Amino acid sequence: MINFGFSISKPRAIDIDRNNLRKSSEITREMPELQSCIGCGSCTATCTAGNLTEFNFRKVHTLVRRGEYQGAYEEMNKCMLCGKCRLVCPRGINTRGVVMLIKRKLGDF
Amino acid sequence: MGYHTIVIGGGVAGMQCASELLRQGVAVTILEKESELGGKIRNWHKLFPTFTPAEEVLAELRSRLISSPNLAVRTGCEAAKIASDRVVLTSGEVLECDSVVVATGFTLFDAKVKEEYGYGIYDNVITSADLERMFNEGAVRLKSGVTPRRIAILHCVGSRDEKVCQRHCSKVCCVTGVKQAMELKRMFPGADIFNFYMDIRMFGPGYEEMYREAQVDYNVHFVRGRISEVSPTIDCRLQIKAEDTLTGRPLKMAVDMLVLLVGMKSNALNENLVAECGLKAQPSGFMQPRDSFLHNVESNREGIFYAGAVTAPKNVGESMNEGTAAARAVVEWLAKR
Amino acid sequence: MKRSSWTDYQKDIADDNYYYARSCIRQNFFPGSEKVFLDILSKDLGRDIYDDPLHTSCTGIGYHSDVVPLETIMTVVARQFALMSEAGYENFTSSCITSFGIYTELLATWEEFPELEERTRENLFKATGREFKVPKNLAHTSDVMFHHREEIARKAKRKLVNVYTGEPLKVVEHIGCHYAKIFPKKGIGGSEFPYVLAGMVESWGGEIVDYPERRHCCGFGFRNYLVQANRGYSIANSQRKLESMAPYKPDFIVCNCPGCSMFLDKWQYTLAEMEGTTYGQNGAGIPVLTYEEMAGLVLGYDPWELGMQMHQVDVEPLLDKMGVEYDPSAKYLGGDGKYIGRPESAIVNSCSQEVLYKMKK
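Residue numbers (my numbering), protein chains in the order written: chain F, 1 to 109; chain G, 1001 to 1337; chain Y, 2001 to 2361.
Derived by calculation from the structure, the hints in this document are not laboratory data. One thing to keep in mind: the hints can contain errors.
As the list claims (entries may be wrong) - With a straight-line cut-off of 25 Å between C-alpha atoms, the simulated DSS-like cross-links for lysine-lysine are:
no.	chain 1	residue 1	chain 2	residue 2
1	G	LYS1241	Y	LYS2249
2	G	LYS1143	G	LYS1241
3	Y	LYS2181	G	LYS1241
4	F	LYS23	G	LYS1241
It should be emphasised that the depicted structure is a prediction, and the values quoted were computed from it without experimental measurement.
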């Protein structure tokens, strides 16, 4: 193999066909309310952890629903379970429950 | 009173307007370009948000019209020139009257214009109107005859789009997309449905609740992002590309079927209303009511009235309300004259 | 493919009397293409085309790499037009897609902002004493070839058909981004379903492959590939296209852009050497042709005269399928019959250099 001084970029696109959606369907089947997220971002706006780290609850659970599990468990570990996000969610999603569910389902990722 | 009003367009707005005028003793002639009354919803299956069969609404509207001796229905004819006291048909025939209601509705956006979606090129790219036809025929099938397992529904095709000179929001497509997703899910519970949207605009009573129901109870996936192009895959599916804007990443997938929620375009006949009849149109091409609040069913010309989607995208209920409102405005105007 | 809309995008293409503008880079990578274009036009089709030694680069590469300012490129383009007028021509045809994009863009700019055209006239006059007229007709050379495709089909010596199976050859067409993505109405078939190359392929007996990444850019991108550190995402675009087209087993790729044909050809070598991946049916690369080379083969030109020995991916498997007669041992002989050297063997090449070509040194 020849080294040309650069490496080939990997695709950034979420490829739904390559992703295994089994875990993601399990998660939405157990907590269908998660599908009602309208992406308002109030959870992230108020998040204790998200104001001090890169943690973005909205983005992580959306990625999980698309079958992008890599790093989701570690991200969810940043959650302090303070519950503020659940207070503000206009769709009434049990956000703490979502954190726990994703950690339980994706512990081995 | 002995008055005679010509209602141009026999869709829901025109039919409702005519029945209200008849009730108030005004003789009515409905001009309809198609072979029968009913307008666009003649080809529609069910209406949001209640899933009421369109035919049920039409049957009631027809029954309100049937019994009146003061009604003349002229199908298969179009108006070429309109004044408050006469309408000239494209055939050259002149019909005398005392006032005119223009209820000519809208034109469905031609999905072929958005070439990147391949409508008319790829077999399983269909429009929301095609899907309603399939619902009416009782079967939704791919061209190959098999049932679809993954379907994408794309919002805003021919709406909010500078590229096709359609800056306006067609208003009803969002809720239609949600309704169709739910109907498809009822038909194929195992199928995955993805709605690609820019904004979800649930403006009417019960619509937002329906959206939530689609998300939670029907497990319809909503992706905020507009599909940028459609291409074929080697196994005759369709590859779509969009951005999942809520995660900030491009997204692609293959689907079996793509439904394009085609928007409402101003009626092609409106140009003629402006050029030949002295009526005013808005920049969107829809006709301009005299005033948006106090005279919203009146035109800029005395004795010529509007009802329904001729002035803006509207749902069935709103169009029917305008039919009633226009009838009332006509009666008032005739009495005052 | 049902291309229902291509006829909506028609453009006027002059039938004769062309002023020819060459590309900066094509003569290095596909050296026979421009020559054969001139030959086909003048000898096979009997048209008048003028190859002017006075014209220069349009400076498009510099412009797109942010080193040539707009005013400069406008003046350079104005000079090309002045040369055309001086030579007595009105129909401008450029061999390069980027140049075509530049000419189209500047004509549109001048129409929109006449004061810029005025200033360009002043600049050109001050710098060179020349004056120019805008061309009556502007076309890319692939447009010109498309225009004459039926006449070429009538004079064809062979078709784009596999002589062993009688089946049409499967062809991937790739259109340069600046052909119609900037001004869709200036391209035959528009930007989504361009017909300029597809029309030639169909007229000459081949079949077009419509694959998922057909409309994707090859990744050339000027300032992107020019910087070594950026080449990773430049090459990734070609890789994405090649991966997407490979399952269709195309017999060859045809391009109308200097950069695309170079990239899709040379990057196959790079990908093979970096990752060991090849995309052709025989474990080697997919041959990449220019439309002039494709026309040349159809009209019976000798592949080595067309410059096809300069390709990265060997074209011999394609020549065999088309029933083209060629002398393997003449591959690396120049126009004067002298040995021009040969490349080292690479993963992407199907022909063993050692065995096939006993060089006549």
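Here's how the hints hold up against the structure:
1. G:LYS1241 with Y:LYS2249: holds (24 Å)
2. G:LYS1143 with G:LYS1241: holds (22 Å)
3. Y:LYS2181 with G:LYS1241: Satisfied, since the Cα-Cα distance of roughly 18 Å is no more than 25 Å.
4. F:LYS23 with G:LYS1241: Holds, at roughly 23 Å.
Comparing the model with each numbered hint stated earlier shows that all of them hold.
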